[in-house]
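Participant: Protein chains in written order, with numbering that gives the first Met the number 0: chain A, 0 to 243; chain B, 0 to 243.
What the hints contain is simulated information worked out from the structure, not anything from laboratory work.
All figures in this text were calculated on a predicted structure; none of them were measured in a lab.
It is possible that some hints are incorrect.
Identical copies carry no separate label here, and so any pair may be met within one copy or between two of them.
Claimed, not checked - Calculated cross-link-like contacts (lysine to aspartate or glutamate; reagent style DMTMM-like; alpha-carbon spacing at most 20 Å):
no., residue 1, residue 2
1, K77, D45
2, K69, E54
3, K53, D42
4, K7, E78
5, K29, D224
6, K87, D181
7, K12, D42
8, K154, D107
9, K57, D224
10, K43, E72
11, K69, E94
12, K31, D224
13, K4, D134
14, K183, D134
15, K139, D107
Residues per chain, in single letters:
Number of protein chains: 2
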Amino acid sequence: MATDKRYKKYNRKMSHSYSYGTFATIDLIKSKPAQVECVLIHDKLDSSNQDRLKELCKSNNIEIKTNVNKVIERVRDKESCNVIGVLKKYDLELEHVSNHIVLVNPSDMGNLGTIIRTCLGFGISNIAIITPAADIFHPKVIRASMGAVFQVQFKYYSDFETYKNTFINHVFYPFMLDGGIDLKTAKLEDARNYSLIFGNESSGLDPSYSNIGTSIFIRHNHRIDSLNLAMAVGIAAYEFNHKQ
Amino acid sequence: MATDKRYKKYNRKMSHSYSYGTFATIDLIKSKPAQVECVLIHDKLDSSNQDRLKELCKSNNIEIKTNVNKVIERVRDKESCNVIGVLKKYDLELEHVSNHIVLVNPSDMGNLGTIIRTCLGFGISNIAIITPAADIFHPKVIRASMGAVFQVQFKYYSDFETYKNTFINHVFYPFMLDGGIDLKTAKLEDARNYSLIFGNESSGLDPSYSNIGTSIFIRHNHRIDSLNLAMAVGIAAYEFNHKQ
Numbered sequence: 000m001a002t003d004k005r006y007k008k009y010n011r012k013m014s015h016s017y018s019y020g021t022f023a024t025i026d027l028i029k030s031k032p033a034q035v036e037c038v039l040i041h042d043k044l045d046s047s048n049q050d051r052l053k054e055l056c057k058s059n060n061i062e063i064k065t066n067v068n069k070v071i072e073r074v075r076d077k078e079s080c081n082v083i084g085v086l087k088k089y090d091l092e093l094e095h096v097s098n099h100i101v102l103v104n105p106s107d108m109g110n111l112g113t114i115i116r117t118c119l120g121f122g123i124s125n126i127a128i129i130t131p132a133a134d135i136f137h138p139k140v141i142r143a144s145m146g147a148v149f150q151v152q153f154k155y156y157s158d159f160e161t162y163k164n165t166f167i168n169h170v171f172y173p174f175m176l177d178g179g180i181d182l183k184t185a186k187l188e189d190a191r192n193y194s195l196i197f198g199n200e201s202s203g204l205d206p207s208y209s210n211i212g213t214s215i216f217i218r219h220n221h222r223i224d225s226l227n228l229a230m231a232v233g234i235a236a237y238e239f240n241h242k243q
Numbered sequence: 000m001a002t003d004k005r006y007k008k009y010n011r012k013m014s015h016s017y018s019y020g021t022f023a024t025i026d027l028i029k030s031k032p033a034q035v036e037c038v039l040i041h042d043k044l045d046s047s048n049q050d051r052l053k054e055l056c057k058s059n060n061i062e063i064k065t066n067v068n069k070v071i072e073r074v075r076d077k078e079s080c081n082v083i084g085v086l087k088k089y090d091l092e093l094e095h096v097s098n099h100i101v102l103v104n105p106s107d108m109g110n111l112g113t114i115i116r117t118c119l120g121f122g123i124s125n126i127a128i129i130t131p132a133a134d135i136f137h138p139k140v141i142r143a144s145m146g147a148v149f150q151v152q153f154k155y156y157s158d159f160e161t162y163k164n165t166f167i168n169h170v171f172y173p174f175m176l177d178g179g180i181d182l183k184t185a186k187l188e189d190a191r192n193y194s195l196i197f198g199n200e201s202s203g204l205d206p207s208y209s210n211i212g213t214s215i216f217i218r219h220n221h222r223i224d225s226l227n228l229a230m231a232v233g234i235a236a237y238e239f240n241h242k243q
């Protein structure tokens with residue numbers, strides 16, 4: 000298909016997505032070279048970044064397309080973006096012998112990207128997402144993750160039961176505002192791998208989740224209703240990383 | 000001045016700002032009633048929210064303006080927003096007998112709002128901001144803070160020296176990627192109030208900050224370059240809240 004027709008503004012139904020900008024595209028090439036369909040470069044990209052990308056693409060056998068200014072201007076979301084990596088979407092499986100983050104119906108793309116970045120930094124690189132949920136391949140998620148999305152395992156599940164039955168040997172820790180145990184004092188007495196489970200931005204987990212494992216809360220005062228979702232996940236990952 | 004001329008799309012030079020939506024406006028009225036100039040209501044607002052706002056405004060002696068659909072449609076940032084609170088900007092002083100967060104040149108409005116909300120929840124309600132910096136009264140900050148911005152003390156300083164000389168009795172903890180002490184094991188051996196100091200999103204604190212106090216790092220692996228600023232501040236506030 001002609002470049003011009005294939006590369007439209009991103010939507011979820013496409014079989015490809017985009018990394019916007021030089022840094023995200025370099026992260027993409029370094030982490031997932033086999034998934035890069037090509038790299039689009041705008042005439043306005045400065046020559047040092049052009050050279051860097053050309054070298055990297057050459058050594059990874061990735062095609063660079065130039066004379067595609069119009070395509071880039073249609074696809075990008077910011078005028079300052081002069082490089083677009085075209086990424087063939089892929090499917091992954093979660094690892095059984097690893098700790099997991101489980102996000103039930105996350106809806107905010109910025110939150111999702113920040114969660115991926117933070118959890119990767121604290122050593123959790125397996126992420127289960129229960130649908131309906133934000134699209135992990137959306138360019139906004141890729142940007143917010145600062146390239147971390149290309150370094151994690153993730154998988155969508157249509158319901159929590161399916162996830163739970165697949166990882167029946169994990170210890171489940173649902174995070175709930177009225178959880179039973181304070182994150183700070185929670186002890187890991189079980190050597191099995193764990194799953195830290197979080198509800199969505201506005202409604203959290205429904206009460207039934209308190210039956211699937213030891214429910215945990217993050218103590219804060221009553222001047223706020225709740226923590227931001229990404230913040231709650233990040234603090235939990237930070238704290239569990241130290242508990243191990 | 001006529002309503003139509005006074006209420007334009009927000010910009011930093013205005014002496015007023017806006018809360019968008021019913022919840023943010025209720026938070027505003029409850030926290031800072033004397034700063035509410037008026038509340039604008041669109042015809043499309045459902046009647047239960049209309050009734051709730053009218054009662055709240057009446058008991059706080061705040062004027063409600065109706066028949067202002069065109070004004071609201073010009074000022075709001077989302078079509079779903081049918082209520083706008085008009086807020087007279089105000090100046091505050093930081094408290095001497097309180098712990099502080101110090102943000103050096105924060106630029107992202109979403110981050111700033113999330114930081115305010117999280118720190119308030121973990122008991123730090125005094126925020127110093129070193130300019131140049133994002134505008135704390137911007138509607139995007141107000142939204143991301145979920146109303147927390149109306150409950151904190153904040154003040155802008157033109158340079159860190161001025162802040163430091165004003166709060167010379169605080170213990171200063173600059174957070175740096177190459178900090179000297181791990182946040183997890185840092186001990187509060189000094190009973191004085193503290194200031195947790197953070198650099199901006201892209202550059203962090205310059206090396207000179209390591210001389211002003213005990214520099215701290217948040218341990219993460221090398222699969223990411225750094226934590227998101229709001230995440231770093233939130234984890235620090237969470238951890239210090241427990242160290243007290």
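Participant: As a check of your reading, is K139 near D107 (CA-CA no more than 20 Å) within one copy, between copies, both or neither?
Facilitator: For K139 and D107, the Cα distance is within 20 Å both inside one copy (10 Å) and across copies (15 Å).
Participant: Under a CA distance limit of 20 Å, which applies to K183 and D134: within one copy, between copies, both, or neither?
Facilitator: Neither. Shortest intra-copy (32 Å) and inter-copy (34 Å) distances fail the 20 Å Cα cut-off.
Participant: If the cutoff is 20 Å on CA atoms, where do K7 and E78 land: within, between, both or neither? Let me know, please.
Facilitator: Intra 16 Å, inter 26 Å, cutoff 20 Å: intra-copy only.
Participant: With 20 Å as the alpha-carbon cut-off, assign the pair K43 and E72 to within, between, both or neither.
Facilitator: Within one copy only: 11 Å inside, 37 Å across.
Participant: Can you tell me if K57 and D224 fall within 20 Å by alpha carbon in one copy, between copies, both or neither?
Facilitator: Neither: 52 Å inside a chain and 25 Å across chains, both beyond 20 Å.
Participant: Using 20 Å as the alpha carbon limit, work out where K4 and D134 are close: within a copy, between copies, both or neither.
Facilitator: neither (23 Å within a copy, 41 Å between copies)
Participant: If the cutoff is 20 Å on CA atoms, where do K87 and D181 land: within, between, both or neither? Let me know, please.
Facilitator: neither (42 Å within a copy, 40 Å between copies)
Participant: Should K12 paired with D42 be assigned to within, between, both, or neither, using CA atoms and 20 Å as the limit?
Facilitator: neither (29 Å within a copy, 37 Å between copies)
Participant: Is the C-alpha distance from K69 to E54 at most 20 Å within one copy, between copies, in both cases, or in neither?
Facilitator: Neither. Shortest intra-copy (24 Å) and inter-copy (54 Å) distances fail the 20 Å Cα cut-off.
Participant: Given a CA cutoff of 20 Å, do K31 and D224 count as a within-copy pair, a between-copy pair, both, or neither?
Facilitator: between (40 Å within a copy, 18 Å between copies)
Participant: Have a look at K29 and D224 and pick one of within, between, both or neither, based on CA distance no larger than 20 Å.
Facilitator: between (41 Å within a copy, 15 Å between copies)
Participant: Can you give me the call for K69 and E94, within, between, both or neither, at a CA distance of at most 20 Å?
Facilitator: neither (42 Å within a copy, 54 Å between copies)
Violated hints, listed in ascending order, are 2, 6, 7, 9, 11, 13 and 14; each of the other numbered hints is respected by the structure.
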